[in-house]
Structure formats: C-alpha cells, structure tokens
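Student: Order-wise, the sequence lines are chains S and U.
When the letters of the first sequence are read in order and numbered with this note's numbering, they come out as residues 1 to 305.
When the letters of the second sequence are read in order and numbered with this note's numbering, they come out as residues 1 to 396.
Treat the hints loosely; a few may be bogus.
Incomplete in silico selection of chain S near chain U, CB under 8 Å [unchecked claim]:
#1 W58
#2 A60
#3 N98
#4 L101
#5 G249
#6 S252
#7 S253
#8 C254
#9 G260
#10 E263
Listed next, with one range per pair, are the computed distances between beta-carbon atoms [stated by the list, open to error]:
#11 V376/U - G236/S: 17 to 27 Å
#12 G164/S - R75/U: 48 to 58 Å
#13 G329/U - P71/S: 50 to 60 Å
#14 P19/U - V86/S: 48 to 58 Å
#15 T244/S - E223/U: 38 to 48 Å
According to the in silico footprint, chain S covers these stretches of chain U (three or more CB under 8 Å from chain S) [what the hints assert, rightly or not]:
#16 50-61
#17 83-97
#18 193-206
#19 265-277
#20 340-347
These aren't lab readings, by the way, just hints derived from the structure by calculation.
We put the beta carbon where it would ideally sit given N, CA and C, even for glycine.
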Amino acid sequence: MDLDLRVTAKEPAADGIVTLTLQDRHRRRLPDWESGAHIDVVLPGGLTRQYSLCGDRWDAHSYRIGVLREPDGRGGSAHIHDRLAVGDPVGLGGPRNNFRLTPSPRYLFIAGGIGITPILPMLRDAEILGADWELLYGGRGPSSMAFLDELGRYGDRVTVQTSGLLDLQAWLGRAGAATTVYCCGPAPLLRAVQELCTGRLRTERFTAEPLPGAARDLPFDLELRRSKTTLTVRPGQSILQAVTGAGIGVLSSCAQGLCGTCETTVLDGVPDHRDALLDDDERATGDRMFICVSRSRSPRLVVDL
Amino acid sequence: MKALDADPFSHETLDDPWPMHETLREAGPVVHLSRYDVYAMARYAQVHAALVDWQSFPSAAGVGLSNFRYEKPWRPPSLLLETDPPGRDAPRAVLSAVVGPRALRRLRQEWHAAAADLVDHLLAGTGGEVELDAVTALAEAFPLRVFPDAVGIPREGRENLLPYGDHLFNAFGPANDLVRNGQERAGELTAWVNAQCRREVLAPDGFGAAIWAAADRGDLTVEQAPLVVRSLLSAGVDTTVHGLAAVLYAFATHPAQWERLRHSPELARVAFDEAVRWQSPVQTFFRTADRDVLIGDVTVPSGAKILMFLAAANRDPRRWRDPARFDLGRDPSGHVGFGMGLHQCVGQHVARLEAEALLTALAARVRRIELAGRPVPHHNNTLRAWKSLPVHLALD
Ligand SMILES: Cc1cc2nc3c(=O)[nH]c(=O)nc-3n(C[C@H](O)[C@H](O)[C@H](O)COP(=O)(O)OP(=O)(O)OC[C@H]3O[C@@H](n4cnc5c(N)ncnc54)[C@H](O)[C@@H]3O)c2cc1C
Ligand code: HEM
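Based on the sequences and whatever the hints tell you, model everything.
Tutor: Here it is in structure tokens:
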C-alpha cells in the first residue's frame, strides 16, 4: 500500500509562512507520529526537505506542516510557497523524531519564529499528561508569528513576545531543577539557550546535511544478488511489491516503514530512505534499508536478496 | 448483528479454538458475545483496521476483559500495552531502541552459538535417534537460556518467569478457574518480578540496564524504568516459548515443510512467522470503544469491550488462501500475530532472532522430526500453548 500524498489545503499562517495539509488521495491513514516528529517532503523534481508535524495526531488522515519562506535557500521553501498547489502530489519520508517529549513534571518551551511548529503539538501532550508548563514564543511582530490564534486557548501559560530579544536569563533562571526545557528556533537563540540553561535541555535545529542528489521519480534497476535477478522498479511501486511480485519471498509486516521487519542489506547503490527507523547517520551509511517504503537515488541498486 | 453464546475461555474452546473462530468469523464483521457482554471481531479486515485505529479503540481501559474505566487493575497497568498516547510515547521509544534490530545485532552470533550448543548437548551420545519433549527441552530451554541473560536478571528464581507470565496472560480473560488457580501464587510471583526490575540487581550490559540508562538521560522517569523492565519480563518469555512450540509442532506435523527448511535454511524467519500466523501464540486481546463506533451497520457503544481474535484473523479465508495449512511457500507478511499499529509487538525482532537461531541449529543436525506421542495442550485464557510435545528426532 503505497501512500499517495496530496496537498489538500494551503493557507497563509503569517507573513512568509504557509501551512499545508497533506492527505492520502484515497483518505487512507497516515503513519502515526509523536510530538516533535518531522517528515521528509519530497517535492516534484526530487528536492527533499524536512518539516515538523504541527497538526493533530488524533486525526489519522492528515498531516499539517508550517513552512517559512527562506529567501537565501536553495529553493525548497520557495517552491512550496510559489509553486506547490492544492491537489499536487508530494513524496513522504518518515515520520522521524529527534525531539521527543520526555516525561517531566514541568516544561519550559521556548520557540523562536517558525520553531513553534514542533512545539505546538507538545503543548497538548503536556496538558493531557497533567504537567505544569509554560511557552515563551518570540518573533518579529504579530503578523509574522504563526498559530497565535491557536495558542490563545492556553491563556497565560503562553507568553508571546513580538519584539526585542527574549529575556532568557530571567526565564531560564526561574526554571528550576524539575523543569525540562525544549527549544526550537534560529541558531542564535539555540546557542543562547544552550549557554544559559543549567538543567535538562532538548533542542531541535532546522538544518540537515544535504542529501546526495535528488530523489528519483524515474524507474530504477534493482539487482537481487543472491537470487541472481534484476528487476525494474517503477515509480509508484515499492521495492517490496516488485520483489514479491517476482516470486521472491521477503518477510514484511506494517508496510509503512515503521516496524522494521523488512530490513534489507544494501550491497551497492544509494538508497532513498523513507522509513521512520534509521537516524541520519545510519541513513548516510546506506548499508541497510526498509524496502516497504524506501527507494533508490541511484539508477541501480543492489541488495542482498 | 448476531449475538452468540460462545465461550472463548472455556476449556473446550481452549482445547480446540478453531471451530469457534470459524463460527464467529462467519457470523459477521462484528458480533456480540452475550456471556460476557462484549463485542468480538474475527475477520482479518476488521481486526486489522481496529488494531491500527488506536483513536477509536484505545488500550488504556485494559486489553483484557476487565474494564479499567470501572474496575481497578490487578497490577499497576503496563506503560506500553495498557497506555495510550501521549503517555506511552516515551516508554515505547525507549524500549523500541533497547530491543530493536540495531541492539540485537550484537546478540546475533551469541544466540546462534547458544542454540547450536543447546542442540549439540541434547543430541550428544544419542546415536542416530532421540526422543524428547520439544516444549521443555527446546521451546522453554532456549529462551530461558538466552533471554533472561540478555535482560540481565540474576539466575536465582528464574523458574518464576513462566508461571508469572502464565498468570498474567490468564488475567486478560474472565475470572475463571485458570485465574483462580493462579491467584494463590500471584502475589509472590509479582513481588519476585518487581524485585528483578530494580537497577541494583540488573547486569550492567543488558536490556534492563539500558532501560535504566535511558532514565538517567531523562528519556524516562526513575518511576517508569522498573515498569518498562517489567514489560520485558511479562511479555517476552511465555510468548516466545509458545511461539517456538508452535513452530516445532508445525514441523513435527508437516515433514515436507521440514525437508524444505533443511534444503533452504534461510527460510527460518518465514517459517517462524508462518507458524505465528498459523497458531497465533497470542490468540486475543481486547480493546475498548472510545466513543460510539460504527462498524458496518453495527454501533459499538462507548466503553464497550471488544475482543479481537488475532488467531481468527490469521486464518480468515477472505485474506489467506488455504489458511489452515502451514506452508513455507506462503508469504505470511501482514499477519496480526504480533498485533498491528501503535501497540504492535515491540519484541518481535527478539522473537524472530530466537526462532531463527534455534531452527537453524536444528536444521543443521536433524534430518526428520515427528510426533512421538499425543501433544498435550496447556490452557491459558490468552495464549495458545502446549504442556508437552513428545517428538522423535532422526539425526544426520
Ligand atoms: C528536523 C527538521 C525540521 C524542520 N522543520 C521545519 C518546519 O517545521 N518549518 C520550516 O519552515 N522549516 C523546517 N525545517 C527547515 C526546512 O527543512 C528547510 O531547510 C527550509 O524550508 C529551507 O529550505 P530551502 O530549500 O528553501 O532552503 P535551504 O537550501 O535548505 O537553505 C536553508 C538555509 O541554509 C543556508 N544554505 C543554503 N544553501 C547552502 C549551502 N550550499 N551550504 C550551506 N548553507 C546553505 C541558507 O542560507 C538558508 O539559511 C526543518 C528542518 C529540519 C532538519
Ligand atoms: C512469538 C512471540 C511473541 C508474540 C506472538 C507476541 C505478541 C504480541 C502482540 C499480539 C502484541 C500486541 C498487543 C496489543 O496490540 O494490545 C504484543 C505487544 C508487546 N510485546 Fe510481544 N509477542 C511476542 C514476543 C515478545 C517479546 C520477545 C517481547 C520482549 C522482548 C515482547 C514484548 C511486547 C511488549 C512490551 C508489547 C507491548 C507493546 C505496546 O503496547 O506498545 N513480545 N506482543
């Protein structure tokens, strides 16, 4: 079951920020996620960018992301802002999570600008878990800050600062040993928080190592070395489907890149990882992959099957 | 919707559950079991969909008959099995990493060697033929040899693991004689298990210590750590024992399939999953309707318990061709014997590695395996289990 993800809504959320809603074309469930998770969005042409999920995990059929236009970037966010339209398909990788909400009696969330995205779903979790929490959300003016309306319902747990530098010294000084600090935002904010925070701190930065080349939306050759067979995997078809279709048995289970059952050793070529399991280092190593969702970046991929 | 008087937990059913599964499956997508006033699903499509839909069918009201909305749980609920998001996120993330494929890589060689050693010892000096009880000599002996070591619990008292798990899995059912018989030792066994979850008693390089290390990093609280260790000791022993018993029973009754494994030992993993599909060591789990949920034209009311027949789904002819056949040529992928979705078995890679190791070791030395007497089932409210499986092994 290869998901066919489409943009089903695109709305301005603040100056320079749009939110996108992504759904399967057949309204199938999307892979589950937890607060702090991000997905890889594969744009037409194969450009891949990461975006934090900022929607509602109780809604199994939609992902929501918030995207800031990056004027100095290499075009990912500009493409999303200027070209991507409702109805367009996008590829999916993940969800993966390097910014998990860990249990704590008290949280201090610090968000700078677009860094609010992964934190937004954490607030609801903190409420459900009965934790004591506060959010400090800084930006360059109310018109450039997304989700202010949604934050309204949390009342005075949320402090919005629309100009000037955040008084981190005071906030972190008050935090106390039982507080876990979560921070996401621009590099200078993260640096300042890292310097000043003496307690437990978790951060997320919105920069990733560039991926080797573009994701392929063309067919690729798949050599199954042990079976002495080469197959062609078409766009829209998973490696798993191609392999089992050729009568070669591979055990799998969830078919969503979540459970890890179909782990396969890569002998040659560059996999296009779309699973929720491998971290960045393991992805870069490229010696194993989950063939229910992952594909190939190189025209030829050789696996141990 | 049909209402049925069937009793999934009677000795008669536990002895031979398959006819009742067929009745339930054919009665409709969802049925009512009047004896316990619960709903039940036995078809693959509905069971799969409901397992995945944690939003409509949460687990925090318990995955047994007892409804934690109204009744006090007999032990502090599991932080994984009996907890919904967001509370379960952190424990699940930690345990997934601790027993995940990456962590198991370093155990692979060791477990394969341990299996070869166990088999060599069993067969040593027996000549060309040997008779043994596959439950005690293999299905119990192997996991009990490698798993508690991997968790890092002391040797003392390990004989408590199986009776504890047996009672735990009985307790998901009604308070029948199986539960009553277990109650006598429940306090003592629980106390022993809880004592093994403490940081001080766990070996420094095991899964248990890795869970405590996660608490030191702040990924768990120190209150949660022992409960996460408990999950391993509760869910990781009896399940694999009966999973291994299932695959050994399968081969002992399907000689052609054993031939096939001997010829292609790399089929061991498929063989194990096919046996898990075919016998479903974990037969059932409950869910609770979060609100009124419409299934087909039936409304399952909010708060109602729903019994998911994993075992019946795994033999649904709508999904599987010739489902009652154990067949290494089949692709068992997608079976729900390990569950599906958010709560899908976090230990499935552990179970598969144990099975692969044991089957590989046996296939290397045993030419033929067949029943040497009548298999004796062991009744449990949740598990499909054997008390003994007398087998005859012919060696190379
Ligand atoms: C885990 C994660 C979560 C994220 N979540 C979000 C989110 O929720 N919302 C959001 O808007 N963004 C998020 N991002 C950032 C997002 O993935 C993109 O990086 C962003 O949209 C900009 O993309 P781009 O192609 O326009 O710019 P990019 O080309 O990615 O450029 C981004 C930055 O890198 C610099 N840069 C450009 N080219 C180079 C180069 N060759 N070498 C070094 N630096 C260079 C640019 O100056 C710019 O500041 C996230 C990133 C990560 C890793
Ligand atoms: C053949 C062996 C096994 C079988 C058939 C099995 C079956 C299952 C099933 C069906 C579930 C899902 C429960 C639900 O949906 O409510 C489950 C969950 C679980 N299993 Fe297993 N299991 C096996 C082995 C193991 C092992 C070896 C471990 C430990 C290493 C383990 C630990 C767990 C845990 C902790 C959960 C709860 C997961 C959660 O709720 O997130 N299991 N198992």
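Student: Broken hints, numbered, in rising order?
Tutor: Violated hints: 3, 11 and 18; rest satisfied.
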